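> Sequence:
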Amino acid sequence: MKDFDSKLNAFFLSLNGRLQSFPNIVAETATEHFKERFIQKNWDGEAWKPYKNPKREPKKGSLMMRSNNLMMSVRPSLVTSSRVRINAGSAKVPYARTHNEGLRMRGVQYVRPHHNSNFMGKGKRVQIQGFSRKMDYMMPKRQFMGKSKALLALIEARAKNHLKTR
119 MKDFDSKLNA
129 FFLSLNGRLQ
139 SFPNIVAETA
149 TEHFKERFIQ
159 KNWDGEAWKP
169 YKNPKREPKK
179 GSLMMRSNNL
189 MMSVRPSLVT
199 SSRVRINAGS
209 AKVPYARTHN
219 EGLRMRGVQY
229 VRPHHNSNFM
239 GKGKRVQIQG
249 FSRKMDYMMP
259 KRQFMGKSKA
269 LLALIEARAK
279 NHLKTR
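The sequence shown lines up with residues 119 to 284 when you count with this note's numbering.
Accuracy of the hints is not assured; some may be wrong.
[As the list claims (entries may be wrong)] Just the calculated beta-carbon pair ranges, DEER-fashion: (1) N134 with S208: 17 to 23 Å; (2) F122 with M182: 54 to 60 Å; (3) S139 with L181: 33 to 39 Å.
Since the hints were made in silico from the structure, they are not lab data.
Bear in mind the structure is a predicted one, so any value in this text is a computation, not a measurement.
For every residue, glycine included, the Cβ atom is placed at its ideal position computed from N, Cα and C.
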């Protein structure tokens, strides 16, 4: 009977150790999945919208990966036994939410009076009066974070594999 109790205790201690490492597995898997979206340029199989005007497309880098600041800002911010939170964005990357959710920007832009040193290509310095212009721009949604069936399946597979290996 004592042998059975010791084996049962050992099993539950082992199981407890494996279960405690689950939040780290979830955080690592989710972070990898979200960063992979920048390379694949899609979300759940739906491709990101390309640039509206291909002529204005930057020569260096690719869509949403010019400096990699946004991708590198994706990291776990909270990992506890009951909760895992992954954040993107920082003071250096304030535009993370705008890209992930899309945003319609409307407003008025005020331009201060200034000098143009080569007005209309004539090489003359001209005083430009201050003016205002209306802005209406739609930033397309290029989601890289959120709930995903593929991510849940990946987490489930890693969790099962983790339980089997130990």
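> Does the structure break any of the earlier hints, and which numbers would those be?
1
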